[in-house]
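Student: Each chain, written out:
Protein chains: 6
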Amino acid sequence: MKVTVHRKAHFNAAHRLFNPKWDDAKNYEIFGKCSNPFYHGHNYELIVAVTGDIDPETGFVMDLKVLRKLIESEVLKNFDHKNLNEEVAVFATLNPTAENIAVVIWNKLRKTINKGLELSVTLYETPRNYVTYTGD
Amino acid sequence: MKVTVHRKAHFNAAHRLFNPKWDDAKNYEIFGKCSNPFYHGHNYELIVAVTGDIDPETGFVMDLKVLRKLIESEVLKNFDHKNLNEEVAVFATLNPTAENIAVVIWNKLRKTINKGLELSVTLYETPRNYVTYTGD
Amino acid sequence: MKVTVHRKAHFNAAHRLFNPKWDDAKNYEIFGKCSNPFYHGHNYELIVAVTGDIDPETGFVMDLKVLRKLIESEVLKNFDHKNLNEEVAVFATLNPTAENIAVVIWNKLRKTINKGLELSVTLYETPRNYVTYTGD
Amino acid sequence: MKVTVHRKAHFNAAHRLFNPKWDDAKNYEIFGKCSNPFYHGHNYELIVAVTGDIDPETGFVMDLKVLRKLIESEVLKNFDHKNLNEEVAVFATLNPTAENIAVVIWNKLRKTINKGLELSVTLYETPRNYVTYTGD
Amino acid sequence: MKVTVHRKAHFNAAHRLFNPKWDDAKNYEIFGKCSNPFYHGHNYELIVAVTGDIDPETGFVMDLKVLRKLIESEVLKNFDHKNLNEEVAVFATLNPTAENIAVVIWNKLRKTINKGLELSVTLYETPRNYVTYTGD
Amino acid sequence: MKVTVHRKAHFNAAHRLFNPKWDDAKNYEIFGKCSNPFYHGHNYELIVAVTGDIDPETGFVMDLKVLRKLIESEVLKNFDHKNLNEEVAVFATLNPTAENIAVVIWNKLRKTINKGLELSVTLYETPRNYVTYTGD
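Chains as they are written, first to last, in this note's numbering: chain A, 1 to 136; chain B, 1 to 136; chain C, 1 to 136; chain D, 1 to 136; chain E, 1 to 136; chain F, 1 to 136.
Be a bit skeptical, because a hint or two may be false.
Since the list gives no way to pick one copy over another, a pair counts as held whenever it fits inside one copy or between any two copies.
[Unchecked claim] Each computed EDC-like pair below joins lysine to aspartate or glutamate, with the alpha-carbon atoms no more than 20 Å apart: (1) K26 with D55; (2) K108 with E72; (3) K65 with E29; (4) K111 with E74; (5) K65 with D24.
Just so you know, the hints here were simulated from the structure itself, not pulled from any lab data.
Isolated chain A, as found in the complex (with noise of 0.2 Å):
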């Protein structure tokens, strides 16, 4: 009897749309506006889906108060009010598209998540532009 229980949480960040192998002309042709180099920004809104069983003593299936710290100590710390590009390490060289933040932010939770629990993030960039990462 799995059930899935979802947390959503929100962070303010600037970012820009950058592959170093191309020159300016190149990321323009492909990112456009979107590889400004001095940065736009997003309201992020993150769900961090979890899915297991119900535990019988607390009718949980994980503390959604532990969940909440979680996301806030493994994502919110270093990823609110921040230049994702810049002061992000994993950004670096990753660009911080949509679908490669929601990979990132999967990683870095699964790793403080019950191995039995399953892991869901979605990551909305925009509230028309969506991406969904489940770790398959």
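Please arrange chains B, C, D, E and F on chain A, whose structure you already have, making use of the hints.
Tutor: Below, chains B, C, D, E and F without anything else, positioned relative to chain A:
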């Protein structure tokens, strides 16, 4: 050719999180302010999803007017404007976490919906916390 | 050059609508299922709006970090995860309708916010029912 | 390492639910006010989801600018501000329920999106009624 | 001590923008695709706001159950799942723009709501376009 | 008979809060993480409201297609996917708080909108923080 149809509904209820095997201190340690013996409450948002083939006569997987009435008779009639712990019999002995409420709703609806259709229940306790149960 | 700044917050609480001068039948006649003696509850969404001149040093009408903390200390600390009728003193003798809750919140905040600033409080009881009080 | 990218779009259209094999009384019995011969309409919200590997050069599963343009040319150009029954050929003989509209949109997009990518279409007819089709 | 209470409702309708004094070319020039003679449609979201003193007996400015029923009898009954141009008499000679629909709704409700209460009507034609009329 | 018409738009931008008369320590004391010299960013949601009489020929206060294009040419073209501090001239010497951005947008639009119409600008910096400027 399977399509999933979703219907949203909502109900307002009071509850507290509480395990009768534990004393008040232990309940507070695990459930925090959610264990307040005077209760608190939520605007629960419910999404019922039904998956099946499209009936070629109607173009429907299931008539959503019928699904809406089932949600009203099976869920809202008993849960809306109620104290879940005090007035909904199943929660006299089952902790009314979002997880357990979703499973209870799924079980109620499963009995009334055609067995050839798959069923999923998503329950928002707050805009930031929600759960999904698919019967797996 | 007056600008209005808004800050949203939320709290979850139980309540019932009840006039102690009336018997149960009259309370049910007027308030319907909202008068359930076992209580029900809501996810209240609160919007506090403050209007004034922009401070040329900060570019702020009022620092929203300060406003957020005032909302926490004056409202959320006493209302969140509470039973309004049983645990918030003012509602021992005042019916906790959305109208009255909004006026109570406005009065609490008015005492702590600079008198040169105008104040407005909007309170959502459900996504479909909400009230606004401006002190007029 | 598969990621799903989602793009939201919307269109406004008129429609009625109608089975030409039935007389008006039977259509009204099954479809109720949705069978009004003068039509009614909706703000349809469309979510197109595409699943595949992240391209290491771009960090994209699929360029959402390209997906946005495909949605415009394949769906919005023909559906937006139209009467679905009268002006979209396929619905001359297919009842424009949300289920059938979603399948039609999926089929249109499936022809233009790389076969190595999975496709899913979600269509909101109203904020409370929506459907999903994944091609299964 | 005046408080404003708000009630949201919605209806789905077809319409076209059209001035009968103009020919089709002129109508298309002014109204674009909104003048499509086959109609299009919307999920209209309606917010009715009523301002007045709090009744000390009930704690209400106006019982929202009563307001909900007035909206149903005065607006939804005649507008929901209708073609506004063809089936709502006033729009036979009045262009059903959001502005004009809001004024018509305000006039209908004004007749039925206590004269001591102020009335405001907000109508969303789409999530991005909406209008407000206060009777001024 | 005055009606207010509203049009929503959005833009994504980077910014930092910063007063050049203060040193970094003072900027951090006042603006906290919002003063990060590497910038952060937001999905800004903009609501432009225009109030005036309904034109009896069109049924419009103002053609929202025209208003949408004005918002694009006066605001989005210069703000979207930009670094407000670095690339929008006015913010070289004006702190880009939500308050100041709203006033700048109001001033830009005021020059292009008919003087007989009233103008109001609401700007969401996040879903929880937003400001309104009406020119008063």
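Student: Does each hint fit the structure? Answer for all of them.
Tutor: Status of the hints after comparison with the structure:
1. K26 with D55: between (53 Å within a copy, 16 Å between copies)
2. K108 with E72: For K108 and E72, the Cα distance is within 20 Å only inside one copy (12 Å; across copies 31 Å).
3. K65 with E29: between (44 Å within a copy, 12 Å between copies)
4. K111 with E74: within (10 Å within a copy, 39 Å between copies)
5. K65 with D24: between (45 Å within a copy, 19 Å between copies)
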